[in-house]
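Q: The residues making up each chain are set out below.
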Amino acid sequence: MRVASKRTVKFCFSSFIIYALFLHWTGWAGHSIFDSARALVDEGRLTIDSYADNNVDRLLINGHYYSNKPIGATLLATPSYALWKWIYTHTFPKSFRDRDLASTTKFPSQWYASVSIYDRLSLFERLGRVFVTLCSSTLLGLLTMWLVHRFAGRLGANEQDQLLLAVTFGFGTSVFYTATGLYQDAMGMLFCFWGFYLLFQANQTRRVVLVLWSGIVTGFSIAVSLWGILAVPAYLIYLAMGGHARKTPLFLLGSFIGVSPQLLYHYALTGNPWLAVFVHQDREIWTASMQTLGFKLQLENLIYIIPQVLLFPSRGLFFYSPILLLSWVGIVRMFKPYRAETITILIVFVLCVLGNASMRTWWGGDFGSRYSLSLIPFLTLPLVYVVRKNRRLFFVLLVYSILVNLSSTQLDAYARLPVTDRESDYAHMLEKAKGGVISNPVYEECLPRLWKNGPGSRLLESFTHDDDAFDLRLSRTSVMGFTPRDAIPWFTLHPVGFVSVKTRYLPVFLLVLVFSVLWARELSAWLQRKLERSR
Amino acid sequence: MREFILKRGVALWFLGLAVVFCCFYVTTHRINLREHWHLPGGDPDYWMSQDATLDIYLPWEDTMAVSFEIQSYQRPRTLQLLVNGIEHSQYEISPLQKSSVVILTPLAQGVNTLTFHAEPECALSWQGGDLRCLSFELSGFQVSFPDTVVEVAEDVLPPLAHTTDVIRYEGDWFDQERSGEKTWRWMTDRATLQVFGNRAQQSQNRIMKVQVSSFHNDRTLQVYAGNEVVFEGDIPTSSTKVQFTLPAWVLDNLLTFVSKNGCERPRDVEEGSRDMRCLSFSVERIMIERNTL
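So the protein lines, in turn, are chains P and R.
Once you know that position 371 of the first sequence is 371 in the working numbering, the rest is easy, because the numbers rise by one and skip nothing.
Once you know that position 13 of the second sequence is 13 in the working numbering, the rest is easy, because the numbers rise by one and skip nothing.
These are computed hints drawn from the structure, not numbers from a lab.
Please read all numbers here as calculations on a predicted model, not as lab measurements.
All C-beta atoms in this analysis are idealised placements derived from N, C-alpha and C, irrespective of residue type, glycine included.
Incorrect hints may have been included.
Claimed, not checked - Derived, one-sided and incomplete: chain P residues facing chain R with beta-carbon distance under 8 Å:
no.	residue
1	R7
2	A113
3	S114
4	S116
5	I117
6	H465
7	V496
8	F498
9	S500
10	V508
11	L511
12	L513
13	S516
14	L523
To be verified - Distance ranges between label pairs, derived from CB positions:
no.	chain 1	residue 1	chain 2	residue 2	range
15	P	R504	R	R267	53 to 61 Å
16	R	D175	P	W86	55 to 63 Å
17	R	V111	P	R504	19 to 27 Å
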């Protein structure tokens, strides 16, 4: 069976390069996964005691610190960290490694006695973050993009439309921001959607083993980002609608196998596999963790919160991924040929939105709708029925969506919801939600900066100073500051002065250059066609 | 030609990219902010943490005027300036308002390093996920050639610090203009100079010499220090040197230049001119010297 055409592989590779160029490191979520993988590889244990001062996203159980992210995310990040450690050890001489590892500096936080803030990072740490992000969050995000491409083909899209939908998914939605950082949500999204794809195939081919695999994959998505749990009821209904109701136990067995790493994690930490470890948030930092991390399903509040998580500019799914508004047209058109699939998508949508809106910290995240990420591939599928019939409208919305998401590369401390809001209680944010627009980082900060400076590449900008190279952090996560990142110094030329390369719009140039090399044959053919036509 | 483009299309494409890169991305500059600076979050001001450094490139050895505005974060701090690692001068900087700092310093040919040392050191802000350690906010950083507009006699310079009175143009002065070696600056009918420096207020026994000319017609120039007229005289359209004694005490170190006959627009008086500025006097050079009389 042909997995992908040469063109698709080239497209995926090109997307990988774009994602790599826009990698970023936003802080706590990344630390939590990275340090957990590090503890597993370096020390062979789950506790992150050695790195606990590095993070606020941590659990404290029986005097030991643990990552507060699901264990699946750690397991997915571990191979890449181990590989990077092996490469580092076998590439650099010991004298350099000793010097490099000692070069990391930290500052004690003024607010929490047991928290320090990394300032200068060793090359090992900087490149490690790049490597682990690329090999876990980014790679799995792009695999989901490939799966969307494949699924769209199964629903009848031609190759061109498949590529267009893959572009839509990868660059026109919040997936772009999330998969260019180290987030469990980007990893969990793949497994959640893969479970649906396998069930779809099971329905088409009547292969029972696929139901089991779907269960395993869906279950594992819960162990990676927890949000996959919302898809399980939808998949059970899908099984029933496809005439596979009798295979429900098989699916549930698979799910149990898939989620078992998380249950084992609970057992290892608390002695009880069914006790969610997340209630053990470190009380030094999360003074009211039971309140801020739980769920609260109150219908009178959801009236205000659901519009916020769907439409409003602070976190709205359709605000950050406006192309998905067309999915509703697609859903109507898809209903007739793929009734069961359409109903499943709708159930996933309802459950995800309710799940996100009933979270006490529904306002959390960095850019866009990270908590609704698992929903995005589902909503991309119905676009198969829009891209062909409403091409012009589709393109207009797609360009706008890409701009909105590309503007995330200009996100900075000043464009975000303040972190103090995380500490605020549910009632405070509910009050804000009742007032309408909470914040509008896209229009107020990100898009104007995108227009002025072009898309910002943390990776490129890190080369403005030798000691910062490959440092993906935003300026706000640096204590002592960086070199201003508007130009990369090149050399000093007498009597002109410093010769530098401007970083403004530099990623655009680099992408054009790389794509010109990658797609040279197509470019040559296109140029010839143009010239011959004008003859 | 068409055949050539057809055959070499891709090569030409890459050549075009190389040209775009050289024209739009390669840049040269004389000031390079090096380390311990925080990115300007949407505004042109830079925050610094501790011992922020910047490099100034000079093609030849010269004495330069370095000026900037600075404000301390949360509490008053002492700013200690080091030029090429050698202590130059220090200032008390308030958190409540921006302070103007202007220094004269000899710089070597090539790369010179300016270090901003804060005492007490920077403080963590920890607001809205902001982990930056902040000491001073810097804006309007400029390095200029003082000898084009300001000349300070060597004996007025403090012997070690090389920090002395430097003149800043404020308000209704137009940008500096240059023609060959000659530089000048036009003013409207009223403009202000501010004298900076550690000893600006101890201005006894100092005279100010101004090379000045009037626009289009002769005009009467008045120079005020506070409410006191320290100079009044007719200025012709040709370049003329006037001099007056600086008062012992000048309110805010401000000297106000006033044209009693107002100003005129070149567009109104010169045929074919589109210059809309209202001009009265042009100042070529201002010198502060010790009064030896």
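Q: Can you name, in rising order, the numbers of the hints this structure does not satisfy?
A: Hints 1, 2, 3, 4, 10, 11, 15 not satisfied by this model.
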